[in-house]
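Asks: Spelled out, the chains give:
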Amino acid sequence: MKIGKSILYSALFASAALGIAHAQEAEKQYRFVMVSHIGSNDPNMNWLTTSLKEFEAKYPDVKTEYISTNNYSVQEHVRLLEQAIATQPDGIAVPIVSSDAFEGPLRKAIEAGIPVVAFNIPDGRPDGERIPYLTYVGGDEFLTGKKLGEYALTKVEAGEIPKPTHVVCASHDSAHQGLKARCAGMKEVMEKAGAKFDELFIGAEPATARNTLQSFLQANPDTNYIFTVAGWSSPWAWGVANDMKLDPDVDDKGVTVLTVDEGPVSIEGVRAGHILATNSQGFWLQGYAPMEWLYWYKKFGYAPQQSILTGPIVINKDNADQWATQVRGVFGDKAYDEQNTW
Amino acid sequence: MKYLVRSQGFGATVGVIAMLAVFTVIDFSGWWTVQTLSNVTQFTAILALVALGQALVIMTKEIDLSVGSIYGLTGVAFITLEPSLGVPGSLIVALFIAAIAGFVQGTAVVKGELPSMIVTLGGLFAARGIIYVWTGGSVHNFSPDARTHALTRLLGGELFGIAAAIYWVGIISLLLSIMLWGTRFGNRLLATGGSRESAESRGVRTDRVKTAAFVLCSLLAGFAGILTLCNQPQTHVTLGENMELEAISAAVIGGCLLTGGRGSILGVILGALIVVSFRYELIALGAPSSWYITFVGAVLIVAVIFNQKLARFLGHSV
Chain A
2 MKIGKSILYS ALFASAALGI AHAQEAEKQY RFVMVSHIGS NDPNMNWLTT
52 SLKEFEAKYP DVKTEYISTN NYSVQEHVRL LEQAIATQPD GIAVPIVSSD
102 AFEGPLRKAI EAGIPVVAFN IPDGRPDGER IPYLTYVGGD EFLTGKKLGE
152 YALTKVEAGE IPKPTHVVCA SHDSAHQGLK ARCAGMKEVM EKAGAKFDEL
202 FIGAEPATAR NTLQSFLQAN PDTNYIFTVA GWSSPWAWGV ANDMKLDPDV
252 DDKGVTVLTV DEGPVSIEGV RAGHILATNS QGFWLQGYAP MEWLYWYKKF
302 GYAPQQSILT GPIVINKDNA DQWATQVRGV FGDKAYDEQN TW
Chain B
420 MKYLVRSQGF GATVGVIAML AVFTVIDFSG WWTVQTLSNV TQFTAILALV
470 ALGQALVIMT KEIDLSVGSI YGLTGVAFIT LEPSLGVPGS LIVALFIAAI
520 AGFVQGTAVV KGELPSMIVT LGGLFAARGI IYVWTGGSVH NFSPDARTHA
570 LTRLLGGELF GIAAAIYWVG IISLLLSIML WGTRFGNRLL ATGGSRESAE
620 SRGVRTDRVK TAAFVLCSLL AGFAGILTLC NQPQTHVTLG ENMELEAISA
670 AVIGGCLLTG GRGSILGVIL GALIVVSFRY ELIALGAPSS WYITFVGAVL
720 IVAVIFNQKL ARFLGHSV
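Those sequence lines, one after another, are chains A and B. Positions 2 to 343 (our numbering) are the ones given, in order, by the first sequence. Positions 420 to 737 (our numbering) are the ones given, in order, by the second sequence.
To be clear, the hints were calculated from the coordinates, so they are not data collected in a lab. Just so you know, not all the hints are guaranteed correct.
Residues from chain A that face chain B, not an exhaustive set, calculated with beta carbons under 10 Å [said to hold, decoys possible]:
id, residue
1, H173
2, D334
3, D338
To be clear about the criterion: a stretch of chain B counts as covered by chain A if any three or more of its residues have a C-beta under 8 Å from a C-beta of chain A, and this derived list gives those stretches [stated by the list, open to error]:
id, region
4, 579 to 593
5, 617 to 624
6, 660 to 668
7, 700 to 710
Being a predicted model, the structure only gives us computed values, none of them experimental. Beta carbons are placed, not taken as given, at the ideal position from N, Cα and C, and that holds for glycine.
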């Protein structure tokens, strides 16, 4: 009987302990940190912060944090990442702006049991060599340049825009491997089409960027395509070409301007006939999906078996109105109009 | 000629002559075109305005690292406040913001006896942070009405095919020259940088002089930002980023000694011309645009050595 009582008490104690543990597990709050290079100097940040808010509303047991650099500095980004790792979050989402610079801190974090999801920019190295993050969620930067270039060539064939003779890829950050990949994608297509291709570092300061681009166009008068790898720099490129009377609007003569992103400035540039095309790389998903994968991994052990591509999709005059409606729905009319810098 | 050699801007004058000679030999048809000269001089005018303010501060033996951010903040304030205040109202308020920023920093330096490098480094970050918070990442444009406003055209338009900024830098450099070499304030400003103790022993309120120099510096940087936007209203929150380094370079290449007390208005303008021309011509010659920074660094070091040797040759203690 005594033995029976002991077994009963032990069983009750064990079930109580298990129940408490289970309850604790069920109530566990997770903290995921997104360490981004898209800061308050970049309107695209709104996509990510908006999607994180929606994620938190759907998963109340998760607290998300968005931290970012406000300048285009890999060193600053690495410093933020190290600070985030030191707080021991339950998961990290980070763009791999520089594989070399991020390798050390991210491997340490992963070894310490912090799952990492790469977003926006993957580690471009082969599988065995790359940082062992859970997965990558984002666009394919090379494809972004390539698809936009291919779209331009279809318009050349249709006689709507001039044949490319010399293409310049204007970049604001010379160390950003995602931007380099965009240029590389465009380069592949344009060189195959017989055009000369140059990559030009214009910097992020508007007046300096204009001065730099104008110097280039002046010295290379055969340049008839400008590809800006940030949406917000497309009005500068258009403005410089317009000041130089190079006819930068979309027609069958003069200079043709292409850009990236689904922000208001890019979409309105297309709608106004200043920009031939831009792209969407699914920014909203790039905020939401990494958090969801981190959550499912922590909670249930799920890990995706391959990268999750959220783009690119070409935005042109045929679908720009739809995109404008969609983006207005996410940002609101006031923010959309304020971000239209044309 | 003797006056020119004794001038602190002599190094920059020699530099510009050498630079133009080299550009003429290697790229005559590319350099001597109306478009090239128009682009170079317009941007030189903007940088020169920022550098002139910087030169005033350097002449008082201080430095202002916040000019790029003040340039940006004033420009952003001008464009953001325009819908509610109109062009004249937003111009006044934006310049007032610049003046306040200069006054606060100048006061912190002289009253707090703090190094200007640290105070203005704080100013650099603070002003840039305000831009980010205020704009939320994007700066909207002037309305079509604002673009055609008479004041906008006066500040950002053209006269006889020459950009307004060039006239403005001409007028302001003339006024600054008169102030520096023809007024008691100018004399006191140079005396404050040359020897503070000596100036104070002669009754100069060096704290007031330095504060005034910081206010003028911020006002000139802010005015340059406004001129830029009146000419090109499409902008971004990065407006003025890293401009402080170019402004300091232009001032130093132009003959300002970091030991204070000496400088040249003409030299600063020529220093800005050298900085801008190098960027332009390097790109025109097909060099990667990031090489420009290396060249500016090299020119800066050569200029410092030359200006110091010149000052010693003329019997000044530096």
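Asks: Hint by hint, note whether the structure agrees.
Replies: Here is how each hint holds up against the structure:
Given the 10 Å rule on beta carbons, the hint for H173/A holds: about 8 Å separates it from the nearest Cβ of chain B. Below 10 Å, beta-carbon pairs count as interface contacts, and D334/A has none with chain B, the closest being about 13 Å; its hint is therefore violated. Against a cut-off of 10 Å between C-beta atoms, the interface hint on D338/A holds, since the closest Cβ of chain B lies about 8 Å away. Here the region 579 to 593 of chain B counts 0 residues with a CB under 8 Å from a CB of chain A, which misses the bar of 3, and the coverage is violated.
Counting residues of the region 617 to 624 of chain B whose beta carbon lies closer than 8 Å to any beta carbon of chain A gives 0, which falls below the threshold of three, so the coverage claim is violated. Note: the region 660 to 668 of chain B has 3 residues with beta-carbon separation from chain A under 8 Å; the three-residue rule is met and the coverage holds. With 8 residues carrying a beta carbon less than 8 Å from a beta carbon of chain A, the region 700 to 710 of chain B meets the three-residue requirement, and the given coverage holds.
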